[in-house]
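Asker: Sequence:
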Amino acid sequence: MALWGAVFVLAVAGTTVLAEPSLTFPEVARGSSRIVSGWEAQDGQLPHQLSLRMVNPAGGVSSCGGTIIHAAWGLTAAHCTATRVTLVIRAGTVNLTQPTAIFETTKYYNHPLYNEALQSVVQPNDIGLIEFGLELVFGDTIQPIRIQRSSAREQNYAGVQSIASGWGRTWTNGASPENLNWVYLSITSNLECWIAYGGSSIIQPSTICARGYNVTSQSTCQGDSGGPLTVNDVDGAITQVGVTSFVSATGCHTDFPAGFIRPGFYHDWFTEVTGIDFDWEVLEPSTELPDTPEPETTPAPETTPGLPLSTTPNPEITTTTTFPQFL
16 MALWGAVFVL AVAGTTVLAE PSLTFPEVAR GSSRIVSGWE AQDGQLPHQL SLRMVNPAGG
76 VSSCGGTIIH AAWGLTAAHC TATRVTLVIR AGTVNLTQPT AIFETTKYYN HPLYNEALQS
136 VVQPNDIGLI EFGLELVFGD TIQPIRIQRS SAREQNYAGV QSIASGWGRT WTNGASPENL
196 NWVYLSITSN LECWIAYGGS SIIQPSTICA RGYNVTSQST CQGDSGGPLT VNDVDGAITQ
256 VGVTSFVSAT GCHTDFPAGF IRPGFYHDWF TEVTGIDFDW EVLEPSTELP DTPEPETTPA
316 PETTPGLPLS TTPNPEITTT TTFPQFL
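Under this note's numbering, the first residue of the sequence shown carries the number 16, and numbering increases by one thereafter.
Keep in mind the hints are simulated off the structure, nothing from the lab.
Glycine is no exception: its CB is placed at the ideal position from the N, C-alpha and C atoms.
Treat each hint with caution, since some may be false.
[Stated by the list, open to error] FRET-style restraints, in silico, Cβ to Cβ:
#1 101 - 289: 16 to 22 Å
#2 154 - 176: 39 to 45 Å
#3 174 - 127: 31 to 37 Å
#4 296 - 127: 23 to 29 Å
#5 220 - 250: 31 to 37 Å
#6 292 - 117: 27 to 33 Å
From just these sequences and the hints, can you work out the full model?
Answerer: Encoded structure:
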């Protein structure tokens with residue numbers, strides 16, 4: 016799903032390799048309705064999505080995705096920003112030529128356990144933060160997304176329907192669309208993913224994997240790295256549970272699970288870098304009724320001799336109990 020490809024590919028036998036970003040501008044597949052068996056996004060459908068264009072010291076350009084997690088901060092994969100000198104970011108767009116906001120930054124922070132010197136090798140801790148250097152104005156097409164909470168970081172989402180999105184290739188070695196695309200994926204257990212990759216050590220507790228939801232070719236592909244994997248969480252809110260990291264070296268459409276990094280493992284580091292606590296908890300509804308104040312009593316009006324008393328009954332006194340709602 017991107018104009019310049021950049022996503023890790025993982026060999027099934029355990030050997031890891033990286034598809035080098037293309038330094039040329041491939042032909043845009045205008046009107047394409049598919050990523051890898053996906054669909055074009057509509058305006059405002061994925062307001063958290065970012066498009067990144069990264070420039071390396073030699074002047075080469077590559078592309079990734081990312082997400083808005085705060086007005087001043089974004090989330091992406093570490094291999095997208097490692098060794099890059101500047102990033103051009105587009106926000107609030109499904110069409111790359113019509114962004115609501117476009118800006119440049121040189122401030123990014125990759126996880127300290129990610130080895131930038133081995134950027135060409137698939138690694139754990141493939142996660143990074145981007146400091147925008149400005150504050151985005153939220154609206155219909157620009158909104159932050161909630162990050163997986165730390166208490167759910169090891170949750171088994173096996174079988175849960177999820178959504179991945181980006182501007183990556185629509186097929187292995189294929190063209191990339193101008194419009195943002197999205198696809199349904201079914202999350203797998205880490206055990207299933209570990210078996211699929213031949214017991215590779217790249218499958219860690221901090222990994223989450225997903226494959227085609229109802230079509231085997233559904234997948235992320237080159238150019239989608241750094242983008243989101245989202246689910247409807249237990250409280251119904253859309254939550255990012257993965258950062259796109261790698262796919263199988265056999266191809267994007269071969270039904271091998273794609274690999275993502277679980278952001279729930281990294282809240283302490285997020286706070287250390289940004290000064291912001293992104294963690295949260297689902298609040299259980301209270302089973303205790305709030306105290307109800309005694310109703311005030313109004314004395315009966317004095318009667319005037321010779322005048323009839325009112326025949327209108329006093330209104331009934333009612334109280335309303337409000338229960339806390341899920342945040």
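Asker: Now tell me, hint by hint, if it's right for this structure.
Answerer: These are the hints, each one checked on the structure:
1. Range check, residue 101 to residue 289: about 20 Å between beta-carbon atoms, so the 16 to 22 Å window is met.
2. The supplied range of 39 to 45 Å is broken by residue 154 and residue 176, whose beta-carbon atoms lie about 28 Å from each other.
3. Our hint of 31 to 37 Å for residue 174 and residue 127 holds, since their Cβ atoms are close to 34 Å apart.
4. A C-beta distance of roughly 26 Å is found between residue 296 and residue 127, which places it inside the suggested range of 23 to 29 Å.
5. Judged by the Cβ atoms, the range 31 to 37 Å given for residue 220 and residue 250 is violated: they are separated by roughly 24 Å.
6. In this structure the supplied range 27 to 33 Å holds for residue 292 paired with residue 117, their Cβ-Cβ distance being about 29 Å.
Against the hints set out earlier in the document, violations occur for numbers 2, 5.
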